[in-house]
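*Asks:* Chain residues, written in single-letter form:
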Amino acid sequence: MIVRSSEINGPVRESADVCIVGSGCGGGASAKVLAEAGKKVIVVEEGGYYTSKDFDATEQTAYQHLYQQRAGQATDDLAVTVLQGRCVGGSSTVNWTTSLRTPDFVLEAWRRDYGVRGLSSKELEPYFERVERYLSIHNEPVENHNPNNRLILDGAKKLGFRASAVGRNTKDCVKAGACGLGCPYDAKQSVDITYIPDAVKKGATVFANFRANKIEVTSKTKRVSGIVFDHQTQKPKTNFIIEAPVVIVAASAINSPVLLLKSNLANSSGELGKNLTFHLTSAVLGVFDEIMYGAGGIPQSAMSDEFLNKNHDGGGFWLEAVPVYPTLAALALPGFGSIHRELLHQYPHIGATIILVKETDSNGRVTVNDHGRASISYTLRDKDLGYLKQGVAVGARVQFAAGAKRVITLHARLTEFNSPDEIDHKLAASNWGMNEIGLYSAHPLGTCRMGSDPRKSIVDDHCQTHDVKGLFVIDGSVTPTSLGVNPQVTILAIAEKSAEWIAGNFTDIKAR
Amino acid sequence: MNAFHDRVTTRRKFLKETLFGVAFLSVSRLMPSEALLAGELSQVPKNLLFFSPREYLIFESVAERIIGLPRPGQPGVKDVGVASRADEFLAGADPEVQDQLHQLFTVFNAPFFTFLFDLRFVSFVNMSGPDKDSYILDWMTSKFGFRRTAFQALKRVSLSMFYTDSRSWKEIGYEGMFMPEDRR
Ligand SMILES: Cc1cc2nc3c(=O)[nH]c(=O)nc-3n(C[C@H](O)[C@H](O)[C@H](O)COP(=O)(O)OP(=O)(O)OC[C@H]3O[C@@H](n4cnc5c(N)ncnc54)[C@H](O)[C@@H]3O)c2cc1C
Ligand code: SF4
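Chains as they are written, first to last, in our numbering: chain A, 675 to 1186; chain B, 508 to 691.
Just chain B, same shape as in the assembly:
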């Protein structure tokens, strides 16, 4: 029997399967990352549909590392409006998925959890670029299934918001599809 596949981890359960359980979610909310984000919070678009302003910044910061930094002349996360697009996209997601993503942003960013998982007592948004990458890598390759699931969720939303946008196509050499003459 394949050990990983045999244990079915539902999304509902995945956060509850952390080492110490959901009780820590409330603890993590007391952490000071809010203050550290204060300056940037003012730049977050108003009227968000899904993210809180804080989640918006966390997601944008994650998406930047997952998509990879652009070379000169290539579009970046902000150019394509990845976080705003994700906000609109996730507003229409299954309510169950929405609940879990809200929880995930808290857990992923909070210094309490970065310490718990990786012995770094600093929130994700305040890590250096290379530290962010190695933190994300730890989630991707974790021996805990729920962390790999969380990585997948972040990867899917980030990449699909970037590559469904035509501004990302030139860089990879995608020329769009062949359309009927009257609609080109």
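The following block holds chain A by itself, in its conformation from the complex:
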């Protein structure tokens, strides 16, 4: 059953075997596995419940109803925009469908540097396979790439860089391009139309517009309490308490540490909320003679991974395409006023390539602000800044190789190249400080990191907190390092594995 707050008339008091906070990749996959194992599962989700009938493929509706802070979430200094979903299905409801396994070198670093066991490529293989089958993950044939993705394949090939199609979790996709606004065709196999309905079929209850504010641990049980919001006005309506011996925090890498910090739990290491990685993202915008219309067609279907871990230092960057929705484009374009407005007149001719940096030395932190919400900070350090600069240069070269007539970066001051020869010296003269270059993240991770040492990590190999037995974190916050690839498959696979372990050891976990 999925319960909307409009159906709630008074305080809610419930009990369950497992209470899950958050219904995105981590929460949704955990709910399905545990419900199928016969557990009574209750999921509380702070966002609303919407279906494809509600998705009108406009930024206005999507940002208001489906995104955290109406897509305005950012670091405190506004230097990095942090995009996340806030609805049943979490970020998967608004994500761009790229579906990739965790690279081997990343899993190996988790084992080597953080003592993580049970998550080698071989051990994760059955879970990756299961996720790929369940979500119909497949590569798109060449003819399905839109011009914005094709430019990566063509440009990279001309320069001799590796590039290929990426897996997508879709079924009968009609190439509408609205993945980031909620798929109106139910083609995207996001968590809201896959894991959640299957969990519900097995008896799970999902409460939408329920925000968890606190977890309390008693000798007998755990108590998750919070506020029920009115679906329309977003004003508090009533409150809820769910009691369960097992609680899974799956509120994302931004909001899971907030909930745990407010509850004063799982932080004996002092690491809670730290180690935030962003998969820091900037972009280059090529202006082409032909119509690119980057808002239409499959938004993300190709990538170039030539420069990921090329130096075997665990860092580097990766190129992908991005849907060029009008507001996203307007916010990304440099400057303001008439210059900015003129640039937007090129809108149909713009091809956008994003550069995603796998961090090595940079990281951030989530703390709790005076209003009990997330306060996000991030420090970009030299090595990753070097990769960002290199990535912007490579992205611009790829755009030219694919036929761009000029290429614009996201620097606040208009920085444009009319030929590849201008790239290096113009970039060398540019400012790269905070709010001098547009930076984004749709992949925040790592704030409750996994590891074998309780002094340096929050959860163990099964995503159980070192400090509190029966309290788990299963979402993007458990990754010990930046992934270097889009994270949904990693999170889903870890969630399936951890939830399976909880189901198999439930009596033991419950007894402790």
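Worth flagging that the hints you see were computed from the coordinates, not collected in a lab.
There may be inaccurate statements among the hints.
Once the Cα atoms are required to be at most 20 angstroms apart in a straight line, the calculated SDA-like pairs of lysine to any residue come out as [claimed, not checked]:
| hint | chain 1 | residue 1 | chain 2 | residue 2 |
| --- | --- | --- | --- | --- |
| 1 | B | K650 | A | L1101 |
| 2 | B | K677 | A | I1013 |
| 3 | A | K1079 | A | H1099 |
| 4 | A | K909 | B | P602 |
Nothing here was measured: the structure is a model prediction, and the numbers come from that model.
Starting from the structure of chain A, add chain B with the ligands where the hints point.
*Replies:* What follows is chain B with the ligands alone, placed relative to chain A:
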């Protein structure tokens, strides 16, 4: 180490990091910009949810310059109701963000601060168009991180209120998304 990124400026701190600190916020409220806005204040919609009438006018004036003036036949800030949309949008924002924006409008507009930052003793709303642009440019490119943050805040709200509205799409050649047949 990258100097700018290494110093983490939280939004809460950003105004407090001005040259002379928050004490001047109260001084700036004594400045005469209110009187200069008097005529226009009567045109501000009633029942605002977030802005004070004065803030509404300041924001509208900022948004006009950030979005850029329309060519004939193109929609402007007033046509799209950018300030009213922003009022509704910001009423639902994080309380922390709301507090800071109220402070920002005071600082951004007050002659005291325009003088402090740019040696112009005139409130933002009363500057000429080109002066407004160069004042905004100074915020965008300032060596002080908090001013660049403030510019970002103003840019984000202005542009997102304009370009999420379908009336702005024709000009840029955006045709909307492809919807299922029964919902077109
Ligand atoms: C625009 C965009 C595009 C993306 N594209 C891709 C892509 O192509 N491929 C890919 O692999 N990844 C992509 N991602 C990232 C991917 O979707 C996320 O990494 C993944 O969904 C994270 O899973 P999660 O479980 O950690 O959190 P989420 O999926 O974000 O779910 C967390 C949920 O918890 C809820 N919540 C938060 N706090 C509370 C609380 N206190 N009480 C109750 N509920 C709460 C939230 O509302 C949210 O629904 C994209 C993300 C975005 C935003
Ligand atoms: S591109 Fe495919 S998956 Fe994305 S919104 Fe369109 S139909 Fe849905």
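*Asks:* Please go over all the hints and tell whether each is borne out by the structure.
*Replies:* Verification of the hints:
1. Using a Cα cut-off of 20 angstroms, the hinted pair B/K650 and A/L1101 holds, with the two alpha carbons roughly 19 angstroms apart.
2. For the hint pairing B/K677 with A/I1013, the CA-to-CA distance comes to about 18 angstroms; that is within 20 angstroms, so the pair holds.
3. About 18 angstroms separates the Cα atoms of A/K1079 and A/H1099, which keeps this hinted pair within 20 angstroms; it holds.
4. For a cut-off of 20 angstroms, the pair hint linking A/K909 to B/P602 stands: about 13 angstroms separates their Cα positions.
In this structure, every one of the numbered hints holds.
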